[in-house]
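So the protein lines, in turn, are chains Y and D.
Under this note's numbering, the first residue of the first sequence carries the number 175, and numbering increases by one thereafter.
Under this note's numbering, the first residue of the second sequence carries the number 175, and numbering increases by one thereafter.
In short, the hints are calculated from the structure, not lab data.
Fair warning: this is a prediction, and the values are worked out from it, not measured in the lab.
Do not take every clue at face value.
Treat identical chains as interchangeable: a pair holds within one or across any two.
Unchecked claim - List time: in silico PhoX-like cross-link candidates among lysine-lysine, alpha-carbon distance up to 25 Å:
{"id": "1", "residue 1": "Lys229", "residue 2": "Lys187"}
{"id": "2", "residue 1": "Lys229", "residue 2": "Lys195"}
{"id": "3", "residue 1": "Lys201", "residue 2": "Lys229"}
{"id": "4", "residue 1": "Lys210", "residue 2": "Lys229"}
{"id": "5", "residue 1": "Lys187", "residue 2": "Lys210"}
{"id": "6", "residue 1": "Lys218", "residue 2": "Lys201"}
Spelled out from the first residue to the last, the chains are:
Number of protein chains: 2
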Amino acid sequence: MPHESGFTFTAMKEHYFDDLKVGDRFKSESINMTEKQLIEFAHKFDPQMFHLSRKSAERSIFKGLIASGWHTAAMTMRLFVQTLNFAEGAIGLGVAIGLGVDELRWPRVVRPGDVLTVETEIVDLRASRSRPNHGIIRLRNVTINQRGEIVQTMLASAMVPRRAAKQRASKA
Amino acid sequence: MPHESGFTFTAMKEHYFDDLKVGDRFKSESINMTEKQLIEFAHKFDPQMFHLSRKSAERSIFKGLIASGWHTAAMTMRLFVQTLNFAEGAIGLGVAIGLGVDELRWPRVVRPGDVLTVETEIVDLRASRSRPNHGIIRLRNVTINQRGEIVQTMLASAMVPRRAAKQRASKA
Numbered sequence: 175m176p177h178e179s180g181f182t183f184t185a186m187k188e189h190y191f192d193d194l195k196v197g198d199r200f201k202s203e204s205i206n207m208t209e210k211q212l213i214e215f216a217h218k219f220d221p222q223m224f225h226l227s228r229k230s231a232e233r234s235i236f237k238g239l240i241a242s243g244w245h246t247a248a249m250t251m252r253l254f255v256q257t258l259n260f261a262e263g264a265i266g267l268g269v270a271i272g273l274g275v276d277e278l279r280w281p282r283v284v285r286p287g288d289v290l291t292v293e294t295e296i297v298d299l300r301a302s303r304s305r306p307n308h309g310i311i312r313l314r315n316v317t318i319n320q321r322g323e324i325v326q327t328m329l330a331s332a333m334v335p336r337r338a339a340k341q342r343a344s345k346a
Numbered sequence: 175m176p177h178e179s180g181f182t183f184t185a186m187k188e189h190y191f192d193d194l195k196v197g198d199r200f201k202s203e204s205i206n207m208t209e210k211q212l213i214e215f216a217h218k219f220d221p222q223m224f225h226l227s228r229k230s231a232e233r234s235i236f237k238g239l240i241a242s243g244w245h246t247a248a249m250t251m252r253l254f255v256q257t258l259n260f261a262e263g264a265i266g267l268g269v270a271i272g273l274g275v276d277e278l279r280w281p282r283v284v285r286p287g288d289v290l291t292v293e294t295e296i297v298d299l300r301a302s303r304s305r306p307n308h309g310i311i312r313l314r315n316v317t318i319n320q321r322g323e324i325v326q327t328m329l330a331s332a333m334v335p336r337r338a339a340k341q342r343a344s345k346a
């Protein structure tokens with residue numbers, strides 16, 4: 175197992191496909207999920223009683239306000255993007271086969287004031303056949319709260335740029 | 175195939191688990207994805223060059239501004255929630271096995287001004303063992319744009335309330 179010593183802070187360093195190895199792990203910065211943000215997100219995107227207000231949430235099976243899972247997912251994307259910081263972006267959409275997200279799960283609720291951190295592990299790397307200047311990464315993102323409890327897990331496949339793209343392109 | 179005549183508009187009608195059958199289909203209202211919303215979402219949750227501004231997006235492989243896939247996913251949740259309108263909410267998080275989202279894909283980009291609609295199909299229904307007052311629904315959500323092109327697909331499993339929960343609980 176590589177990196178047994180734990181996660182590496184790499185925020186802001188620019189990454190390319192070529193910099194990564196299977197087993198590489200990264201840890202994001204942390205961010206506070208405020209009550210105001212939770213309620214604002216819910217009004218825009220997930221208007222259900224346990225997300226919208228303290229009062230309505232008290233009557234739900236969660237006995238209090240919780241974040242929309244999509245808010246946790248969106249915040250996870252922010253933390254992931256800031257950490258891996260791919261030179262021209264990480265692309266999870268498009269016609270390439272298999273890009274996207276699998277097994278998105280929310281094992282525990284996120285409550286106002288929780289502080290989230292994302293741990294990323296590279297689980298697979300492969301060249302892109304259709305776009306030789308890019309590679310496809312498969313990764314696992316685990317989002318934890320301030321108590322180290324897992325609040326979200328997912329697998330994702332994204333297309334990211336290769337460092338030596340221009341050189342290879344001119345040889346081809 | 176049930177409902178060959180197409181989708182049924184059911185926005186605002188309150189739903190329970192008991193109201194649904196495998197094969198039931200629903201169509202949401204439509205919503206415009208404005209450039210302002212796209213950029214605002216990107217700054218909060220997905221700060222990549224092809225989401226953040228027209229100028230930076232012009233230089234990307236998308237040759238222009240596109241929505242974050244997570245923005246499309248969040249907007250899909252809003253349209254879905256408004257359409258199915260479960261009495262006490264649809265719960266995709268928690269300890270129940272298999273709740274969450276699978277195979278989240280974005281086959282086409284969403285651009286400023288695109289108008290999104292969500293088509294929901296119920297693909298499975300089962301009782302909840304741990305919570306007899308709830309059932310588990312498995313559904314496919316397909317998000318389409320104003321040209322009928324698919325911009326997002328997903329499978330999701332959620333826990334939703336049963337209509338006759340109180341009666342059953344008292345007999346048990």
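Checked hints:
| no. | hint | result |
| --- | --- | --- |
| 1 | Lys229 <-> Lys187 | between (43 Å within a copy, 23 Å between copies) |
| 2 | Lys229 <-> Lys195 | neither (48 Å within a copy, 33 Å between copies) |
| 3 | Lys201 <-> Lys229 | neither (35 Å within a copy, 30 Å between copies) |
| 4 | Lys210 <-> Lys229 | within (14 Å within a copy, 31 Å between copies) |
| 5 | Lys187 <-> Lys210 | neither (31 Å within a copy, 29 Å between copies) |
| 6 | Lys218 <-> Lys201 | between (29 Å within a copy, 19 Å between copies) |
In summary, the numbered hints that this structure violates are 2, 3 and 5.
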